[in-house]
Structures are given as C-alpha cells and as structure tokens.
Amino acid sequence: RVAITAGTLNSPQYLEKGLRALHNPDRIESVGRSIAAVGKIIWLLTDHIEYLFRIGVLGSGSCSSGSSQKSPAQKWGKAANWLWLVGYLASCVLYLRKLVLLHEHLRLRGSDEAYQGSIRSLQEEYDTTKYNLIKEFIDCGIPAAGLNLVSHRFGATAGICSSLVGVYLVWCRTQKRQVL
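Just so we're aligned: 431 in the working numbering is position 88 of the sequence shown, and the numbers increase by one with no gaps anywhere.
Just so you know, these hints were derived from the structure itself, not from any lab.
Check the hints yourself; a few may be wrong.
[As the list claims (entries may be wrong)] Ranges of calculated distance between the beta carbons of each label pair, as one might list FRET restraints: (1) Gln412 x Glu468: 44 to 54 angstroms; (2) Gln518 x Leu401: 41 to 51 angstroms; (3) Leu401 x Lys473: 35 to 45 angstroms; (4) Gln417 x Ala499: 14 to 24 angstroms; (5) Gln417 x Arg496: 14 to 24 angstroms.
[Stated by the list, open to error] Result set (SDA-like, lysine to any residue): computed pairs, CA atoms no more than 25 angstroms apart in a straight line: (6) Lys473 x Gly509; (7) Lys421 x Ala499; (8) Lys441 x Ser505.
In this text the structure is predicted, and so the values were computed from the model without any measurement.
Ideal Cβ placement from N, Cα and C applies to all residues, glycine included.
Please construct the entire structure, taking both the sequences and the accompanying hints into account.
Printed below as a string of structure tokens:
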C-alpha cells in the first residue's frame, strides 16, 4: 500500500507540525495547523486500521455475502478519508490566508528601493505558498474519491497532478540552492 508507506514516512512531520502549531502566538494559525496535523495523523492511524482489517489481521475485512452492512474495513476507510480530507482542507484555508497576508505585505512595500531584498524574499515565499495551496487543493481529490464524492479516475488524476506540483517545488528549491 503506497498510501501507508508514504503516510508512515510523513507521520513524524505531521506530529512535528502539530506540536509546533501549539506554540504559535497567532491563534488562527495555531488552531488551523493543529487541525491539519491532527487530521492527517488520525487519518494515518485509521488508514492502517482499515488495511489491517482488509488483510485479516484484525478480523474479517468483509461482511457476510448478501449483507448490506459495511465491513469494518469500509467503516475505517471512510473515517480515514474524511480525516484526510479535513486535514487537506484545513491546510488549504491556511495557505489561502497566508497568500492574502503576503499579498498585503507586497502591496504595502510596493516598489520602494529600500525594501527590494525583502520584496524579492516575500515574492518567493508568495510563489511557494501559491504552489503549496494548489498542491493541497489538488490532493483533496484523493480522499474525495475514496468517499465517492468524485470519480476514482479524478482522484487518481489528482494524485498524479499533485505529485507533479510537488516535483516542481522540489526542483525550485534545488535550483535555488545551486544559485546560492
């Protein structure tokens, strides 16, 4: 399971972000980051539980034939996808807020010569934040597909597009380091 492997590798990152968020003096940022981190951490846990039901470690992953009830694996999978979606949506709201704040800073500084270095830095942060927002928003399609809110084809396409944006962001960081 790719999602479990990728999620397991990211779980310390989610936990660190959640703990850092608690110490942020900006209450909106603190609450939003905490919701995003907790959503992704609990998603990871429930996704593992779903998988363990599916492979039979925690009992049968399916219901008896002819039953209209959802299996334990399906119930855990649905919970996992909702938490994953909530985590992504919270991240999107925070990135959008950050874009608005950065835009305001850029507008206030204008073309003042004294601020050219900080304007360039703010513009780079604005661009990175913009692409992170796009990536997180596109990522919403993956759990949405798991919840049957969109087609599975759309969810798969969203995953590929999100990966491409992620590769672009890494490439930009790499190029920036080479210039320095």
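Worksheet item: Any hints this thing doesn't respect? Which numbers, in order?
Response: No numbers; nothing is violated.
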